[in-house]
Structures are given as C-alpha cells and as structure tokens.
Amino acid sequence: MSSRSGRGRWGVGPTGIKAALRVVRAALRVGRVALRVGCAFLFVGVVSAADPSLATAQAPDESWRTLETEHFRVTFPAELEALGRQAADRAERAYDELEEHFVEPPEGRIDLLLTDHADVSNGFAGVTPSNRITIFARPPTEALSLGFADEWLELVITHELAHIIHLDHVVNPIGRLGRAVFGRVPSEWPFFPELGTPRWVIEGIATWYESRLTQAGRARGSFLEMQLRTAALEGRFESIGQAAGESPVWPGGNRPYLYGTMFFAHLLEKYGEDRMSAFVDAVGGQWIPYRLDAAGRSAFGVSLTDEWKVWQAEVEAGLADFEEELRRLGPISEPEAVTEGARWALYPELSPDGRWLAYARSDGVSDVSLEVVELATGETRSLGRTNQLATVSWIDSESLLVSQLELEGPYRLYKDLYVFDLSGQQ
32 MSSRSGRGRW GVGPTGIKAA LRVVRAALRV GRVALRVGCA FLFVGVVSAA DPSLATAQAP
92 DESWRTLETE HFRVTFPAEL EALGRQAADR AERAYDELEE HFVEPPEGRI DLLLTDHADV
152 SNGFAGVTPS NRITIFARPP TEALSLGFAD EWLELVITHE LAHIIHLDHV VNPIGRLGRA
212 VFGRVPSEWP FFPELGTPRW VIEGIATWYE SRLTQAGRAR GSFLEMQLRT AALEGRFESI
272 GQAAGESPVW PGGNRPYLYG TMFFAHLLEK YGEDRMSAFV DAVGGQWIPY RLDAAGRSAF
332 GVSLTDEWKV WQAEVEAGLA DFEEELRRLG PISEPEAVTE GARWALYPEL SPDGRWLAYA
392 RSDGVSDVSL EVVELATGET RSLGRTNQLA TVSWIDSESL LVSQLELEGP YRLYKDLYVF
452 DLSGQQ
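Sequential numbering from 32 applies to the sequence shown in the numbering used here.
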C-alpha cells in the first residue's frame, strides 16, 4: 500500500489538493448512471428534506488525502486517515472475495471516496466515466433494514464493490469493441448491458453478496424475511413485473432490495451459488438485449418469470399454518392501531407517565413532523415539522429531545439536538 498526494507522498500543497479535487469532481460527474445504480443505503427523504444535492456533493474545502493500493485509489479527509486506511484494507479483502466468488473484476484501479460531511449512512457506485465508489463514514444506527450489521465499512464496501464488478461486466464483443473505440459511454447495451436490468436484479445481486461474503448483511437479518412474509400474508406479494417498477406504495424504496435479495437467495439455494456468475455472463453476452428470461434459462435452466411464480407459491405455502403455529407457541397479542394516515410512523417513545406516545410521522404529502398521541383519548397533536424522520427521547413527561439534520454551510449536513414541549415550542 502506498500513499500519495501530488507527487507520491503526503502533503497539503496545491498539487495534492488538486489531485484530490479531481477525484471529488469526478464523483460529482457520475450523473444518471450512478443514480441508476442508486443509493444502496440511503433513505432519500432523510437528505432531500434539507438539500437533495448533499447525497453526492463533497466539501471542496476539505484537506483531502489519497493513498493507493493494488486495486484502489482511496481518497479521504486528512482527519480520517485511520479510517481511510481501514477502508483500503476492507476494499482489498472484498476485492479478493468477489474475484473468487463472482465474475472477473474490471481492469485498473477503482476510486473509493470516503467522506464524513453528512450524518447519513450511505454508499453509492458508478461505472462512468470510470469506476468509483463513495462511502459515507457514519455507520447506520437507525435504518431498520440495516439492523443486522457488525462492521459498517466492510458491509457497505462489499456491497458497492459488487455493484462495480457487476455493472462493469460485458462479454459481448460489440460492447467490448464499443468501449475500446468510444470509451465508457454512459449507456446500457452494448456498452454497459448490466445497467439494462431491473433494479431488483442490480440491488439483489449486491445485497446477496454483502451477506454471503461478510458475517452480517440484509439477507442474514430478519427484516427482509419479515417484509416478504407480510407481503405474502396480506396478499400483496408482487409479480416480477411489479417488483421491477418504482412506487411509493409499501415496501417503497426497499422494493428492489427485498424482492431482489430474497429471489436470488431462492435461486442460488436451489440451483447453486455458481449460477450467479453464469447469470451475469448471460446478460453481459446477449446480442439481443433486455431478455431477462433468456438469461435465466441460460444460467438456471428456467425462465425467471416462471421461477418467480414457483418461489411465490413456496413462500405462501410455507405460511399456510403460520398463525396456528404461532398460537401453539403461546398467546398472541392483538395489535391496536393508535395512529392513522401515515406512510411512515417511526421511533415511537412512551412518555414517563405513560400518557403520551411520541413518534416521527410522514404521510408523503405534508411536512415530516413530530407527533404525540394521548393513549387514553386518541387525541393527536403535531408538535411541529422536522427535517426528517427524527429520533425522539423524552426528557420528562412534558418535553422531548429530538435529533434532526441541519445544514452547516453549503456542503455539510449534521445532526443537532432540539427540545420540543407538548405545546409545540422548541
């Protein structure tokens, strides 16, 4: 591992800073392709409530440093040097694992930018104009879907690197020739045919590998299984076509992660883990693009549309006696709804006197807000808008402490603490 700033050593001079800024500016030019890959961990509303551009914008006034490893060029603020070196180590380990268990990684170094300019847990990847990954250093402490995680850097880097290796992959000679002649054109087939697959394929592959190659990950946790079970029990299990779409309707932004991860887990358990590489090869080698079922038949010996129906039937059959089995284990508490009309009602906290239930509320139409409901009467009060679905803690039975995002200058987004009382004053 060698460090470099400007001419191959650490430094804070103009040359070193310009080198780092080139990486940052490149990250900002990812554009549509990077957005297609998506924010692997970001609840978009968390950032957009303050400033949507902060999902990708980096602070140009940081004292940036860069170090190089065999396969990566890692850039980070000077004060995060220890974390930057740890990220470099985790990236090389993930590279070795993916090289062994997935398709061949792309040639050349991959840019990895580590930043701590926002109190948000996130990561994203892009393949044009070159392969690059951006990681937000803050570990997830509130994301429900990421509850089963031990080491954040290992998890997110494995996920985003799986995106890079997957989306850069092309087998068809037309695509290879096209890149050689025209460069890394930000387009799907023939240049980047893997980008032409549905998001449940893109996110499902990366999320499956984040779980397969680490000791944590969403496929190992219970959250996705819970959502899938809920969809089946309520008759809301989506078809392969529905899962490929975008909708705010439950499960909302988690749709591609839920269906993609769990479907690939089903496929690979049934047909063998080596079939993942065969599937990606089949997509990357198609002369007639966008034929997902054809790629499925090539890799798994079955149409993905047909196998999806088999999978759905298996999930639903497994839940046929679910409620009866639960009741045999012990009494079931029947839930009672105490809120209504909310798309999200998160972080509930009961007041010390047991009278009020506070929670963060979003209905997708009006401002995100802090709400309290009096349990005895059902009376609901809105204590005021918040910048995102904010966590809540009672100070006493009359006042609450709220942690919410606020801008600090044009490039930084940090959380601060606010006190609300039951009259709505803060």
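Derived from the structure by calculation, the hints contain no laboratory data. Errors might be hidden in some of the hints.
To be verified - Computed list of lysine to any residue pairs in SDA-like fashion (alpha-carbon distance at most 20 Å, straight line):
id, residue 1, residue 2
1, Lys446, Arg230
2, Lys446, Gly385
3, Lys446, Leu432
4, Lys340, Gly272
5, Lys340, Ala351
6, Lys340, Glu265
7, Lys340, Ser400
8, Lys446, Trp425
9, Lys446, His102
10, Lys446, Leu406
11, Lys446, Asp398
12, Lys340, Leu357
13, Lys340, Leu432
14, Lys446, Gly409
15, Lys446, Glu173
16, Lys301, Tyr378
17, Lys301, Glu265
18, Lys340, Val399
19, Lys340, Glu354
20, Lys340, Asp398
21, Lys340, Arg358
22, Lys446, Tyr378
23, Lys446, Thr411
This structure is a prediction, so every number in the text was calculated from the model and none was measured.
Non-conforming hints, listed in increasing numerical order: 1, 2, 7, 9, 10, 12, 13, 14, 16, 17, 18, 19, 20, 21 and 23
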